[in-house]
Amino acid sequence: GENVEQHPSTLSVQEGDSAVIKCTYSDSASNYFPWYKQELGKRPQLIIDIRSNVGEKKDQRIAVTLNKTAKHFSLHITETQPEDSAVYFCAASKGYQKVTFGIGTKLQVIP
Amino acid sequence: DAGITQSPRYKITETGRQVTLMCHQTWSHSYMFWYRQDLGHGLRLIYYSAAADITDKGEVPDGYVVSRSKTENFPLTLESATRSQTSVYFCASRQADSPLHFGNGTRLTVT
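Protein chains in written order, with our numbering: chain A, 4 to 114; chain B, 107 to 217.
Treat the hints as calculated values from the structure; they're not laboratory data.
Because the structure is a prediction, the values reported are computed rather than measured.
One thing to keep in mind: the hints can contain errors.
[To be verified] Here's a subset of chain B near chain A, in silico, CB distances under 7 Å, partners left out:
{"hint": "1", "residue": "148"}
{"hint": "2", "residue": "149"}
{"hint": "3", "residue": "151"}
{"hint": "4", "residue": "154"}
{"hint": "5", "residue": "202"}
{"hint": "6", "residue": "205"}
{"hint": "7", "residue": "206"}
{"hint": "8", "residue": "208"}
{"hint": "9", "residue": "210"}
[Unchecked claim] Which stretches of chain A does chain B cover? Using the computed rule of at least three CB atoms under 8 Å from a CB of chain B, they are:
{"hint": "10", "region": "40–54"}
{"hint": "11", "region": "103–109"}
Ideal placement from N, C-alpha and C gives every residue a C-beta, glycine not left out.
Pulled out of the complex, with its shape left as it was, chain A reads as follows:
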């Protein structure tokens, strides 16, 4: 089955700096890659996703890049703010089936 590896497990950045979280996946047939943000005590919520026919996608301060050849995808957050502090999960999915998650990255933005 699919295996998603995510790193780093923790990340501290100064407010205003950029944060990058990287993931790799094992199944070359995976074609959908969402990213979720989970605040303390809350449910995971989708922040951005990308499909395999696209190399990059942006939404304001958030961007995701996908390298299908290397089976890598990354989340980039620019101009970080304290409210960006949370746990971020990458995930991979093949078609409409189950979504496999990475172990999460705890991001701390220091004011």
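On the provided structure of chain A, position chain B as indicated by the hints.
Same frame as chain A, but now just chain B:
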């Protein structure tokens, strides 16, 4: 999103007891999932369902039972709870080619 609800939010039970976690969605999504969240493991898939009366095992199905007699409900039963099943359980749903939506979670403690 009020469209997917889990109950109870918190549950304490004893080792060996049977406990059922409920999940209800109002979107008529075909696909439903149960994940458990543990520190250091991220979100791991327990069971999923592609439609009523169709269920399949995920990554960590041992000790759990599911059913899906109606599209909107997907209960998860721990037949004989063990301490290792202490976790936060998330139900999720998606329609074909749409993002995964999570419920608010159930925090289960097995004593």
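Answer holds if the nearest beta-carbon of chain A is closer than 7 Å to that of residue 154 (chain B); otherwise answer violated.
5 Å, holds
Is the shortest C-beta separation between residue 208 (chain B) and chain A less than 7 Å?
Hint holds; residue 208 (chain B) Cβ to chain A Cβ min 4 Å, cut 7 Å.
Tell me whether the statement that chain B covers the region 40–54 of chain A is true, taking a Cβ distance below 8 Å and needing three residues at minimum.
holds (count 6)
Closer than 8 Å, Cβ to Cβ, for at least three residues: run that test on the region 103–109 of chain A against chain B and report holds or violated.
holds (count 5)
Hey, does the residue 148 (chain B) contact hint survive, CB to chain A under 7 Å?
4 Å, holds
Taking 7 Å as the limit, does the beta-carbon of residue 205 (chain B) come near enough to a beta-carbon in chain A?
5 Å, holds
Checking hints one by one. Is residue 206 (chain B) an interface residue toward chain A, by the C-beta closer than 7 Å rule?
Holds: closest Cβ of chain A sits about 5 Å from residue 206 (chain B), inside 7 Å.
Status of the residue 151 (chain B) interface restraint (C-beta, 7 Å, chain A)
Cβ of residue 151 (chain B) sits 6 Å from chain A, so the hint holds.
Interface hint check: residue 210 (chain B), Cβ to nearest Cβ on chain A, cutoff 7 Å. Holds or violated?
5 Å, holds
Hold the hint about residue 202 (chain B) up to the distance rule: shortest CB distance to chain A must be less than 7 Å.
5 Å, holds
Hinted contact residue 149 (chain B) with chain A - closest CB pair below 7 Å
4 Å, holds
Violated hints: none; the structure is consistent with every hint.
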